[in-house]
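Asks: Now for the letters of each chain:
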Amino acid sequence: MSVIDHARRVLERLVAASATERILISSAALLLSILLGALLVLIAGRMTTCTVGDAVYYFGTGFCYNPVLVFDRLFLGALGDPFSGAWSPEGQFSVTLRETTLLIFTGLSVALAFQAGIFNIGTQGQMVVGGLATAVLVLQASSVVSGVIGSVLLIPFGVVVGVVSGGLYGSIPGILKAYSDANEVITTIMLNFIATGVTLYLVSGVFKDPESPANRTVPLPEYAQFPTVIFGGRQDFSLVALACGLLAIGGLYYLLEYTAFGYDIQTSGLQPGAAEYGGVDAKRTIVASLTLSGALGGVAGSMYVMMVLGTFQSGLPAYGFDGITVSILAGNNPAGVAFTALLFGVLKSGTTVVQFATDVPPQLVGVLRGLIILFVAMPEFFRLVGQRVVDPGSKPVATDDGNLEATDE
Amino acid sequence: MSDSSSETTGVNPGVDPEPDKEATREKGPLAPQSSRGLTAWAAIGLIAALLLGGTAFPDTILGILADIITDKDTFAAALRLSVPIAFAALGGIFSERAGVINIGLEGLLIISAFTAIYVTDITGEIWVGFSGGVVASVLLALLFAVVTIEFRADQIIAGLAVWLIALGLAPFASQVIYNSPNTPTVGTTRSISVPVLAEIPFFGALFSASPSVYMLLIAVVASWYVFERTAFGRWVRASGENPKALDTAGVNVNRVRYAGVLISGVLAGMGGSALSLDLGQFTGNGATMVNGKGFIAIVAYLFGNYNPIGAFLATMLFAGLDAIQTVFQLQGIGLPQQLIRVIPFVMVIVILAFVGRTRLPESAGEHYESGEK
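Chains F and R, in that order, give the protein sequences.
Heads up: the first sequence runs through residues 3 to 411, numbered per our numbering.
Heads up: the second sequence runs through residues 537 to 909, numbered per our numbering.
Simulated from the structure, these hints should not be mistaken for laboratory data.
Label-pair distances were calculated between CB atoms; the ranges are:
| no. | chain 1 | residue 1 | chain 2 | residue 2 | range |
| --- | --- | --- | --- | --- | --- |
| 1 | R | N843 | F | V146 | 53 to 61 angstroms |
| 2 | R | T721 | F | G317 | 20 to 28 angstroms |
| 3 | F | L26 | R | A823 | 28 to 36 angstroms |
| 4 | R | T721 | F | G149 | 52 to 60 angstroms |
| 5 | R | I583 | F | P212 | 40 to 48 angstroms |
| 6 | F | S206 | R | T721 | 26 to 34 angstroms |
| 7 | F | G253 | R | T721 | 50 to 58 angstroms |
Note that the structure is predicted; figures quoted are calculated from it, not measured.
Heads up, the beta-carbon is just placed ideally off N, CA and C, and yes, glycines get one too.
So that you can see chain F by itself, here it is in the shape it has in the complex:
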């Protein structure tokens, strides 16, 4: 057990030493991305045309897009304008919480796999599979029960369907990695394309709603969808779903910190050699963590179907890819996911406000997402900058053990 004890100490030291640093790096990455995003808005504002009256002027030059307005709308607009005096949770704030709820699940999905040292890019596909399975099976079941009892039975049933289908789909790359050593980054990306293609086929064929021109399933009855509690009904938000998300955060935190299985996952992620030497079944851990990760992605799909759309329609938003950003920004820590999911909920919900208030294309948030990932991936950059600021005369290369371990994950 001494190897395991050693690994545990390494883990604790790493977590303690890097928690503050992680928060600092994540905040710096976010700030830098927003600054670059503002620059991009300015440049884009020079490339398009508008009337003189619509232009804003900085440094004596006219720009068609105003970055201050963009980010004001993006953040304050997403929160429902808390300083306007007429704030109500019913408006855009509910949309933000709705997006946050979905991102909690996709973020946790990516984070769990990362904790085991596995890069699950397939959350998107697992969510798509979970969503379609939920839409189809809950619809079938909804003819059996109805009313309040229907809600009490059907909603948990739908979540279970998401767990099982997403989990099964997630186990495919897990099995491929464990038993054929196939790189999970490639298999999960391929499985995303497969999920999108196959669900499109199914939803435009056998499962298609005959009364709709869109490729979607027959809508679920009202009682088979998440109920509105207190507020949010108009924006397809349910506090029940958000509560499920917070429970999932707590559950995953408990699993990772206090259970033997969670411990296996973390040691496999940090020191695979030591974990196996200490008696962890590496193959089983890989399959189990990817299955569980897929299950969380599947739940995101169920939530999307049972809370937001009420049906499955081809072309789901990219919550799965946003989950990667949410997780990486949170340092793959479940508790951190709560904050970064809210942040990305704001970004996603704010996008529509920006679209409403300005002419800036909504793809801007996609660019921000990429930039944030890029900057979080390069902690060394911020360390160098930090060192230069603290001690301008020092040698600008840091190579102590802690740094190596932190960057090598």
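Got chain F; can you put chain R on it based on the hints?
Replies: Just chain R now, with coordinates in the frame of chain F:
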């Protein structure tokens, strides 16, 4: 299991496991080679059986399939479809052999596909637009190189960021400039036909194709030549396999890695420009018109064992399948389009399941820190 874990996670980043190196090198390429060979032979056998069956029973589905496979147009379509994938795969080989895993090839294809159309649109010159696409791809590759080599970013995550940035930036720019994620159409490159040779049955497709196909064929041979016959090729390989030895020999490892990543930018840029200029339009909805070609390229060079010619043949296999499905659709043969579209992706997974572990260059994915600083 323990040998693979030390490679993928770098348990002892400072210690070089010299004694083991020879052993892993000997069994490394051989183990996957046999199953890779098996898959290749299985594919060849399958095609041969199909052709035989086709000639024996010309009026059955086998006969139709055999007709399609031996058709010159199918071959021409396969060549055309393989252009972006094979270019990106060649780029991936340069980068990964130098020690930098470039998972952002998809992003390089997207950014160059858009820029090529944009520059063609404003200058009116197709080849200026083509170069514009290449420049955009090289700039993005340069960003990736700086981030991974200078700032020691995790190569996989940074590569993912490159993909996501391009995935957002290209439709964003298109929306700003053209008010739609899809660009208007511009002129396309004309195909060049070699007299007489173009008339040869089947292989005539090689002599009546768009310029990008010829460029690809030249690039494949040139890449092979660089790796097998030049000092630079040896440096690139050493930079990925044993950077310490390269350093000792007096070659700057990081400079070689920069070169590898930038060459991948040039090649992927040519692929992306060729892709959009072939159609004369960039479409930026959803996964954009690139739609996973960069990822298929990664699988193609893994399957081709980092050999430019192997990667090209693997690409032709995927592209050939795509070409066959297009013919199927034109002839109205059953099988829904959405399902046929996913066949290449399913094939990638099946191949990975059989070929399994692909032997990465020894030091790919690891940052190299020169001893003298």
